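Construct all of the structure, not just a fragment, from the sequences and the given hints.
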Amino acid sequence: MKIIVLNGSPKGTTSVTMQYIYYIQQEFPEHELKILNISQRLKKIEKNTQAFQDILNEINSSDGVLWASPVYYFLIPANYKRFIELISEKNAEDVFRNKYTAFLTTSIHIFDHTAHNYMNAVCDDLNMKYTGSFSADMYDLLKPEEKKRLCVFAKIFFDAIKKNTHTLRRYIPLIWQDFDYTPGDTKSKIDAGSKKILIVTDAVENQRNLIRMIEKFKASFSNKVETINLNDLDIKGSCLGCISCGYDNKCVYEGKDEYINFYNTKVKNADILVWAGTIKDRYLSAKWKTFFDRSFFTGHVPSLVGKQIGFIISGPLSQTPNLIQVLEGYTELQNANPVGFVTDEEGDSAKIDSLLEAFGKRFVWFAENDYCKPNTFLGVGAKKIFRDDIWGWMRFPFRADHLAYKKIGRYDFPQKQYKIRIQNAIMLLLSKSAVFRKEVNKRMKQEIIKPLQKVFRDR
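This note's numbering numbers the first residue of the sequence shown as 11 and each following residue consecutively.
The hints are simulated quantities; they were obtained by calculation from the structure and are not laboratory data. These numbers were taken from a predicted model, which means no experiment stands behind them. Among the hints, a few may not be true.
Once the Cα atoms are required to be at most 25 Å apart in a straight line, the calculated DSS-like pairs of lysine-lysine come out as [what the hints assert, rightly or not]:
(1) Lys371 / Lys394
(2) Lys393 / Lys361
(3) Lys199 / Lys234
(4) Lys393 / Lys383
In structure tokens:
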């Protein structure tokens with residue numbers, strides 16, 4: 011069989027992801043796996059009609075499509091995302107229809123599930139036959155049991171094609187409302203005091219609802235609210251995955267475009283940040299993905315600590331819970347406060363006006379009180395994985411992260427809790443006694459809350 015591998019890594023054939031593809035090639039020589047480097051060649055694919063058509067021709071003549079990509083910022087790389095947008099922009103969906111497909115990623119398992127959810131939804135939207143996904147850790151290929159697991163994944167994919175196996179559609183098509191938001195008059199203004207408010211958007215002329223929501227939100231304040239459109243910035247390209255920034259946070263693009271200066275002087279200096287965009291496929295635009303990917307020059311260290319971050323979204327947000335999780339997870343990893351969302355999907359202009367006004371007041375109240383919600387599993391779990399890997403095999407090349415983690419106390423390993431370790435050792439020894447276990451069971455509920463009750467006694 012002929013399988014087209016759509017490579018999403020900006021590093022092309024030298025990427026970690028492609029090593030997994032090469033291994034599948036080695037173990038299944040009876041099948042032809044033809045690799046097409048998408049992200050690395052995106053500019054040509056985007057500008058050159060024939061280059062894009064050549065890809066479609068290869069897919070059309072194939073038995074299946076294997077998407078393969080590293081995980082960048084909760085999703086696929088920006089250039090890969092842009093390729094997916096081109097499919098609909100150039101009305102090429104029919105080429106993908108009924109093709110068997112699967113998705114393979116490499117990462118350290120930070121929000122790899124949201125990348126997989128996204129690609130599953132994209133493949134469903136293209137009416138492809140999605141057989142499953144495979145999430146590999148960076149160096150799983152060195153482990154015999156993981157190589158075996160990879161081969162099983164590949165065999166499932168190949169067998170599904172051979173046997174014409176039925177596949178389950180997990181995501182139904184998005185339903186867009188035919189609704190024009192018409193904002194009403196702003197009767198009162200919110201005073202944000204000395205707090206700096208910045209709106210970042212990618213709005214274009216035909217996205218009227220998004221533009222009007224932004225203007226209504228701005229009109230709610232008596233203060234100046236700055237808006238920066240990503241389309242107006244000189245951004246030469248997306249993240250190259252070169253990790254040159256790992257040593258001292260210096261990006262290869264530094265001095266070559268406006269992104270880094272914009273991020274350092276505008277984004278970092280604001281107190282209130284509003285990201286405003288329109289849903290495109292199952293995410294925001296590739297322009298927004300470039301914004302997130304390029305912020306990687308700050309490494310794995312939070313760069314927006316204490317900021318108030320909220321989202322104004324045009325489109326069926328409630329139908330894309332994966333996007334909500336991505337944006338909330340992003341905010342938690344920044345040690346920022348997720349203020350929430352406002353969308354136009356209510357289909358009621360007066361209600362949207364009210365939501366935007368309440369949104370503004372909530373931003374200011376949180377900012378004035380330095381409020382930041384406790385992290386959920388999204389932030390806590392991801393931070394622990396980063397902590398362990400930066401301390402371990404990622405310490406080099408991510409030297410800047412390592413130094414920062416030491417400084418901010420991120421290396422909070424449980425084995426450093428010596429008092430608890432001693433207590434546990436004693437209690438585990440005593441627990442060998444049936445009499446002791448019986449007494450513990452009688453007192454357990456009270457003992458669990460005992461430390462907390464000191465708070466009330468101390469008041």
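Going through the hints against the structure:
This hinted pair does not check out: Lys371 and Lys394 have alpha carbons roughly 33 Å apart, beyond 25 Å. With a C-alpha separation of about 37 Å, the suggested pair Lys393 and Lys361 falls outside the 25 Å cut-off, and the hint is violated. Taking the CA atoms of Lys199 and Lys234, the gap is near 12 Å; set against the 25 Å cutoff, the hint holds. A C-alpha spacing of about 16 Å is found between Lys393 and Lys383, which places the hinted pair at or below 25 Å, so the restraint holds.
Hints 1, 2 from the earlier list are contradicted by this structure; the remaining hints agree with it.
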